[in-house]
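Engineer: Let chain R serve as the given structure and place chain P on it in line with the hints.
Number of protein chains: 2
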Amino acid sequence: MLPGLMQDRPLRIIDIISFAATAHSTQEIVSKNVDEPISRHNYAATFKRVAQAAHMLVSLGVKSGDRISTLSWNTNRHFELFYAGPGLGLVVHTANPRLPDEHLIYTINHAGSRVLLLDRNMQAIYERIADKLETVENVVFLTDAERTPQGYQGYEALIADKPATYDWPLFDENTGAFLCYTSGTTGDPKGVVYSHRSVVLHGLAAGLSGALGFAAFDVVMPCQSLYHATAWGLPFAGPINGVKFVFPCDKFDGASLQALIEGEGVTFSGGVPTIWTMYLEYLRQTGGSPGTLQRVIIGGSAVPRDMAVEFDRLGVTVQQIWGMTETSPLGVVATPTPALAAEGDAAMKEQIWTRQGRMMFGIEMKIVSEEGEALPHDGEQDGALMVRGPWVLSRYFRADDDATDQDGWFDTGDVSTIDRFGFMRITDRKKDVIKSGGEWISSIDLENIAAGCPGVKVAAVAGIYHPKWEERPIMLIERHDGADVSEGDVRAYLKSRVATWWMPDRIFFEDVPMTATGKIDKKIIRDRHAHALDSA
Amino acid sequence: MLPGLMQDRPLRIIDIISFAATAHSTQEIVSKNVDEPISRHNYAATFKRVAQAAHMLVSLGVKSGDRISTLSWNTNRHFELFYAGPGLGLVVHTANPRLPDEHLIYTINHAGSRVLLLDRNMQAIYERIADKLETVENVVFLTDAERTPQGYQGYEALIADKPATYDWPLFDENTGAFLCYTSGTTGDPKGVVYSHRSVVLHGLAAGLSGALGFAAFDVVMPCQSLYHATAWGLPFAGPINGVKFVFPCDKFDGASLQALIEGEGVTFSGGVPTIWTMYLEYLRQTGGSPGTLQRVIIGGSAVPRDMAVEFDRLGVTVQQIWGMTETSPLGVVATPTPALAAEGDAAMKEQIWTRQGRMMFGIEMKIVSEEGEALPHDGEQDGALMVRGPWVLSRYFRADDDATDQDGWFDTGDVSTIDRFGFMRITDRKKDVIKSGGEWISSIDLENIAAGCPGVKVAAVAGIYHPKWEERPIMLIERHDGADVSEGDVRAYLKSRVATWWMPDRIFFEDVPMTATGKIDKKIIRDRHAHALDSA
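Line by line, the protein sequences are chains R and P.
According to our numbering, the first sequence is numbered sequentially starting from 7.
According to our numbering, the second sequence is numbered sequentially starting from 7.
Chain R on its own, in the form it takes in the complex (with noise of 0.2 Å):
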């Protein structure tokens, strides 16, 4: 090899602020903050409270290296420390504070975290975890001087007499700058510890028009929380595009969102599926409109096909996303293109509401048959989902082992198909994926087509112990009220729709179990059914 000769200058996140105190210096962050009036910082002076913040890391007595904790809603606080914490090279976690007391005093304890940062109405669940947390020395609220709690430090106070300049440190450019946990649904939370070059290389391919399109036009209000997974990596392509920024707390209600909409000019926005259910409820009730709305992205579980419609018919252009915490998240966008729209704008719409997003830049995606086996990108063969890139994870944090193959590719747990436009469609989680004698059939897809029966208000379906044929699936009705739908009814619905050998072993009409964050849980059913099939 002959090597180049260009400037081996590492990739560091402080140089995105940096960049946007210079080049976008009056673009401003607007900002809600617990029970405080709303708060304005252009990126110039945002960039003197992030050196400000790193000064008061610094008197804490912290090196670079350690671990901070963050207990903290959508802020320019939160934001500021984002910038902060990694440009001293301290690692930030970002607890989650939504996880049951066991689960966040085990990832504050397993991160080591020695300063946790916190907002004022996280006080109560501080309090109840406090003398659980083995390596926490300072406890900061993330407050202006008159509202931090009694005997307690405050961030305004803190920082207000410091230095607003700082000289950031040269590192290499694959230290750790944020520890996220992955929220752990068996067995304990797993951190995934981002790296500069890993935040600043998604940052940068996810501002491209392939993936979330930023321009300094925009006015981009994240309603999907900091602590998951970055929110995304919008605090870093936002900079690296001149965004204006609009944090609304923890304020996702409707009547909240709609006044930052039209107070602030809000552009873009993304979060789960249910804020935006909320907000298109709020919309419908008080007849308002989106006014300069013009883009959400979603994520987190599926686009439901009517919130896409109702948005379209609002003018706003719904994109979904598909990512993991181990993605850093964003691995697929679904956004249009001109093979697409060579089919017209009723199919290419269809195209994008029904499939997870189509590959961006740097992540390399296949699908593998159950013998490893790379499967066609034919739209209709489904197959593990791999992925592979510089903001794909190698190994959870303290773990003994790469959560990779050999040759770096790591296994997402979903099973999908990739189509010739590049589109890639969720068909099932691995572990939800029926295996009928050899056959693979998609629990998932059953669910959908059962949904659409009158009178079905969910189905879910999962794969239990059959004597005969390994597996088989079967479904839980739940009706909608009044509706008096029977199993002969679900079953006539099926058979013009679903090939034989998917149709249901047995149909139940009772109660879905749902998970704490809103999905079906398919454990619970198939602990409940275990033995349904045993004398089939």
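Derived from the structure by calculation, the hints contain no laboratory data.
Errors might be hidden in some of the hints.
Identical copies look the same in the list; a pair holds intra-copy or inter-copy alike.
To be verified - 30 Å max Cα-Cα, derived DSS-like pairs, lysine-lysine:
1) Lys-436 to Lys-196
2) Lys-437 to Lys-474
3) Lys-463 to Lys-437
4) Lys-54 to Lys-69
5) Lys-257 to Lys-196
6) Lys-196 to Lys-525
7) Lys-372 to Lys-168
8) Lys-69 to Lys-138
9) Lys-372 to Lys-54
Structural biologist: Positioned in the frame of chain R, the structure of chain P alone reads:
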């Protein structure tokens, strides 16, 4: 430091075209080639041809680290070599056919290229210099089988029977990929070695809305030469964003460009001002319209105001860019921001047309005084423009010393201001700035102002020796045909527009000497009038 735990996949150029072949497989690359019909290959087909070209290069005996030289226009085959070569770990030297023979020979020998790949109409050049080339072992004409000159090997014949896949090697992302020589107004040309890392990062950043802002719906016709700093990175930023390409070969006349724009739906193009002067002249003569063309990026020298105004009237946005071979080349791109837009459309356009461009993410910039002190970004004070970042060179090829200072700053040789919006405006080349009694006078500013005086066609300013002030400005004026503007007229015009001490000591009415690339030749002016002020 705590190490991050993300995959350390190297950034590789081959992954760009591999991505496009998967996510934008049906998007086309349309190309002219010398004396051949227009060709069309989509990205999927192109990726196969890239693999075939790689097999061809291997069959010629080259190994990773070797250099190959191209002498080629803007064609699909040249584009394919931009991937096949680096994909193998080779370094592609894009030789400049416009160079004098002695420089061309020097660069190919200095590169040490083992293979020369050239277009059909380069045969005369090649045969003129062949016996001076010290390292070239193989010559391949980039032609189809029937048009390969007698006695030579042809590209299409060589790749035809090669496999359409290649097992691309993994290597360090700092491996060299391209070798581009600066034109060298003084001394020998100097080589800049782009790395895989620098090319991929530059390509990522170039696609953002704050730079070229590409989308999959763009149809990009590069009219900047592929041998000039890889056509400003378009061959990489394009596929990352899934654009359709249209390559005009060496046909940059108005009629040829207009035929491609109309026939292929070109939305985006770019190049030096000369090409666009010809194009606008063609539109005026034919009464044609730019049709689908939306944007033209112009660099190489400042965009003439008339050109910007005329394109604006035709509904085409002109974006000025500034960069150098040493900066890959994008340094700044003139893009709008909300802060500018707030000043109104006319003011915004004025700002954009009179600045070289705005800072883009990835390039740090500062301006410094003669004493090396950083100057404020006030749009007024000018200083030596210094740049730093992952796509700025660290050292010239085969040089013994770094081209940067110890903090990694590269001195561009330009003198500029930076304003509070992050816009950079070149006020002079460092070597053309006039140092009068410790103060700087911008020769470019003086020329631009004098050019506004009625009757003046061209004004040129240079600094020459002055016994008291060290240097003082003199001015050369060319009159418009039939104009009778006098020295008194020019002085009266300048008097109300420049500081007293900027007034030229002498004004000469004579022809202004120009360089081969159409720039004012200050060196000749200085030589011609070296002693004009000796007795002042």
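Engineer: Now tell me, hint by hint, if it's right for this structure.
Structural biologist: Hint check:
{"no.": "1", "hint": "Lys-436 to Lys-196", "verdict": "within (19 Å within a copy, 56 Å between copies)"}
{"no.": "2", "hint": "Lys-437 to Lys-474", "verdict": "within (20 Å within a copy, 86 Å between copies)"}
{"no.": "3", "hint": "Lys-463 to Lys-437", "verdict": "within (24 Å within a copy, 77 Å between copies)"}
{"no.": "4", "hint": "Lys-54 to Lys-69", "verdict": "within (20 Å within a copy, 51 Å between copies)"}
{"no.": "5", "hint": "Lys-257 to Lys-196", "verdict": "within (28 Å within a copy, 59 Å between copies)"}
{"no.": "6", "hint": "Lys-196 to Lys-525", "verdict": "within (20 Å within a copy, 62 Å between copies)"}
{"no.": "7", "hint": "Lys-372 to Lys-168", "verdict": "between (50 Å within a copy, 26 Å between copies)"}
{"no.": "8", "hint": "Lys-69 to Lys-138", "verdict": "within (23 Å within a copy, 60 Å between copies)"}
{"no.": "9", "hint": "Lys-372 to Lys-54", "verdict": "between (44 Å within a copy, 19 Å between copies)"}
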